[in-house]
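Novice: Residue numbers (my numbering), protein chains in the order written: chain A, 1 to 379; chain B, 1 to 149.
Please keep in mind that the hints were generated in silico from the structure rather than gathered at the bench.
Computed cross-link-like contacts, BS3-like style, restricted to lysine-lysine with a CA-CA straight-line distance of at most 30 Å:
id, chain 1, residue 1, chain 2, residue 2
1, A, Lys320, B, Lys66
2, A, Lys307, B, Lys72
3, A, Lys320, B, Lys72
4, B, Lys66, B, Lys43
5, B, Lys131, A, Lys307
6, A, Lys307, B, Lys66
Partial selection, computed: residues in chain A whose CB lies under 8 Å from chain B:
id, residue
7, Asn172
8, Asn183
9, Leu319
10, Ser323
Cβ coordinates follow ideal geometry from the N, Cα and C atoms, glycine included.
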Amino acid sequence: MSAIKSLQTWAKESFPLDLDVLKEMSSEPIPYHLKRWWFAVGGTPLYLFVIQAVTGIMLTFYYVPEPAEAYNSVARITNEVPFGWYLRSIHKWSANLMVAAVILHMLRVFFTSAYRKPREFNWMIGAGLLLTSCVFGFTGYSLIYEQISYWAAVVGTNIAEATPLIGGWLANFARGGPEVGANTLTRFFVFHIGVLPTVMVILLVLHVVQIRLHGVTRLRFDERGEPGVGLSISVSAPVTPMEFREGSAGAATKEEKSPTFPFYPDHFYTELIIGLVLTFLLTILTLVAPAHLGEPANPLVTPEHIKPEWYFYATFRWLKLTSFAIGVIGTMIFVLVFIFWPFIDRWLVRRYPAKEISFWVGVAGFAIYMIFTLWEAFV
Amino acid sequence: MAENEKQTRRSFLARLWMGAGLFLSYGTAAFYGFSFLSPRFRKPQPRRILVTSADKLPPGATTTFKDLSGRKIVLVNSGSGFIALSTTCTHLGCTAYWVPEKSHFFCPCHDGYFDVNGTVISGPPPRPLDKFEVFVDENDNVFVEMREA
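Only chain A is shown next, with the shape it has when bound in the complex (with noise of 0.2 Å):
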């Protein structure tokens, strides 16, 4: 008993957690729409990026980085390697789940104008977790150095030597030299399993602290859409931030109130449960659709029918639509406009502030992004 009793005194001493204060930090005020799934979307990328983390650390165990041996040691996780397949497949689908993921998350952040001020920096830090994730998407598919990887490397840092100054410098930092082959493998693997991993943590840290800082948006629900009720947003007049009075048609004072609940152990509940949902339709998909592997990569040729993750099918379709230099300088400003939005909807609320225009613009870029994507897909 007394060995118990110093080893808990070690463990103060050691720790000197206070724990009210520990207390006090996990029952943060959660407001009441976070008990809608909608809503809750937000705690998923990081918890596929855990996975993805897990998962990937373990594949490294095998995975040799060179191109006489990367497809073969790929193929050799897939069907050799105890469980390779399944452990293959759950980081595949995760990574697919987790670009999902924040894209709902942002839709949902959008439509509710949760971006606005004085939330501007977080959108951004979202923005860069979306194109980390993409990137984090490609590098990792490249790795495979299957065929697809091969020319989606090519076509990758090509569509970066197009960028205006610095496009030379960046394909050839990105290939690590003037074409695709060893030197780009090696570069992709230390992206995909150092750089882009501790970017990744950075924003996430960052992205929690600034929500912490701000707390969780509070929304004003249109007159059907009681908290607790179910979800009801008027395209007329949409739900609005309370924090933000900028001429919207939305604003609310700050005298409005909306009950709240504590973070743990509600909120928390909410988020594990969300967490074994996402551990079974991992499972299932898995299953259903495990990680396949395509042809080895051959520089000499390119494949006649050649496309990149679903992801990548909006700008995939765009660039075939247009010149070269639309294509490229087009997408560059696209996501210009989608990391500097919040500046630009303040703008357009100055400058319009009786019309939602941001929200028809949301609107119309989800429905061309969908388009697009279907397009690709299905032609």
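With chain A's structure known, arrange chain B on it following the hints.
Specialist: Just chain B now, kept in the frame of chain A:
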């Protein structure tokens, strides 16, 4: 800085030297790091490759050969002369391939089409396929000049 801490010449100079030292040392480290990560490669050198003899390639005929990297180069006798075309698409670098039944080059990445002379027929490529210089010597041997690292 706290209000009661008065800035003296000594403290100002100390901060200045400290700042300059940090800037120089980290700046030098950043320059070394930047140089380390920026790849260097040899300047490509011109080289003439013997491809065929002119009498083996009548007007309208094409033949293909590979450069040192193994990429296909197409040699065309257009009737008015020989044209050596790179098969690397000028859009985003995929390999275009010759479709004999339609007499055009097709790039599958973003649907680029080129005619037998390498001119863009349709699609997003910004310019014709790259051409290499062709030389025919006094013995009717056809050479193509390429630049290879």
